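Asker: Here's the letter readout for the chains.
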Amino acid sequence: DSGVTQTPKHLITATGQRVTLRCSPRSGDLSVYWYQQSLDQGLQFLIQYYNGEERAKGNILERFSAQQFPDLHSELNLSSLELGDSALYFCASSVGTSGNEQFFGPGTRLTVL
Amino acid sequence: GIQVEQSPPDLILQEGANSTLRCNFSDSVNNLQWFHQNPWGQLINLFYIPSGTKQNGRLSATTVATERYSLLYISSSQTTDSGVYFCAGNNYGQNFVFGPGTRLSVLP
Numbered sequence: 001d002s003g004v005t006q007t008p009k010h011l012i013t014a015t016g017q018r019v020t021l022r023c024s025p026r027s028g029d030l031s032v033y034w035y036q037q038s039l040d041q042g043l044q045f046l047i048q049y050y051n052g053e054e055r056a057k058g059n060i061l062e063r064f065s066a067q068q069f070p071d072l073h074s075e076l077n078l079s080s081l082e083l084g085d086s087a088l089y090f091c092a093s094s095v096g097t098s099g100n101e102q103f104f105g106p107g108t109r110l111t112v113l
Numbered sequence: 001g002i003q004v005e006q007s008p009p010d011l012i013l014q015e016g017a018n019s020t021l022r023c024n025f026s027d028s029v030n031n032l033q034w035f036h037q038n039p040w041g042q043l044i045n046l047f048y049i050p051s052g053t054k055q056n057g058r059l060s061a062t063t064v065a066t067e068r069y070s071l072l073y074i075s076s077s078q079t080t081d082s083g084v085y086f087c088a089g090n091n092y093g094q095n096f097v098f099g100p101g102t103r104l105s106v107l108p
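Chains as they are written, first to last, in the working numbering: chain C, 1 to 113; chain G, 1 to 108.
Where hints are given, some of them may not hold.
Simulated pairs of lysine to any residue, SDA-like, Cα-Cα distance not exceeding 25 angstroms [claimed, not checked]:
| # | chain 1 | residue 1 | chain 2 | residue 2 |
| --- | --- | --- | --- | --- |
| 1 | C | Lys9 | G | Asn24 |
| 2 | C | Lys57 | G | Asn31 |
| 3 | C | Lys57 | G | Ser82 |
| 4 | C | Lys9 | G | Glu5 |
| 5 | C | Lys57 | G | Glu5 |
| 6 | G | Lys54 | C | Thr97 |
| 7 | C | Lys9 | G | Lys54 |
| 8 | C | Lys57 | G | Ile44 |
By construction, these hints were calculated from the structure, which means they are not laboratory data. These figures come from a predicted structure and were not determined experimentally.
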């Protein structure tokens with residue numbers, strides 16, 4: 001158990017819908033990262049927050065957004081869902097902003113029908 | 001950004017065999033990690049190893065930072081070692097990049 005929690009474990013929804021994925025980092029970690037793992041794209045970095053502020057952006061679509069709250073948990077919002085958004089979404093956390101070991105949550109498996 | 005290559009892409013072993021997985025980076029990194037993704041999709045941290053050598057049971061890893069590669073050794077493999085092994089890394093201010101993975105199947 002990495003200490004990073006993610007909910008829900010599974011999510012099935014329809015095209016055009018909006019969903020919210022939730023992540024709680026390890027105790028003491030200030031950075032939260034979101035990753036998407038799809039069959040054709042592999043594991044890709046989406047976005048990072050550090051102590052409530054956006055710190056880095058990767059290949060995140062405009063339909064996706066995230067935020068980190070004062071208690072350091074984070075939410076990833078996915079809207080206008082398409083079939084291609086079906087993937088495993090991981091959250092990770094680390095103590096600092098860069099160069100620190102990242103610990104991954106169990107993931108949320110999103111299926112868009 | 002950094003490019004990460006992993007070899008071999010697939011590996012099939014008999015239980016008890018040893019193996020070496022390789023990870024090459026296109027540029028220097030100050031953060032390098034190895035992960036095991038099990039058949040249930042969980043990503044498990046194996047090593048945080050930006051340089052040097054570490055050992056944990058039957059697994060060990062070596063990173064030669066000056067030559068931008070890392071090796072993961074698995075000895076006396078077991079069926080529970082099956083899954084996909086990823087390396088990933090970044091340098092300061094850069095995004096964390098994963099390699100494509102090595103899919104390992106250990107047969108009983």
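Asker: Just pull the numbers of the violated hints for me, sorted ascending.
Answerer: Failing hints, ascending: 1, 3, 4 and 7.
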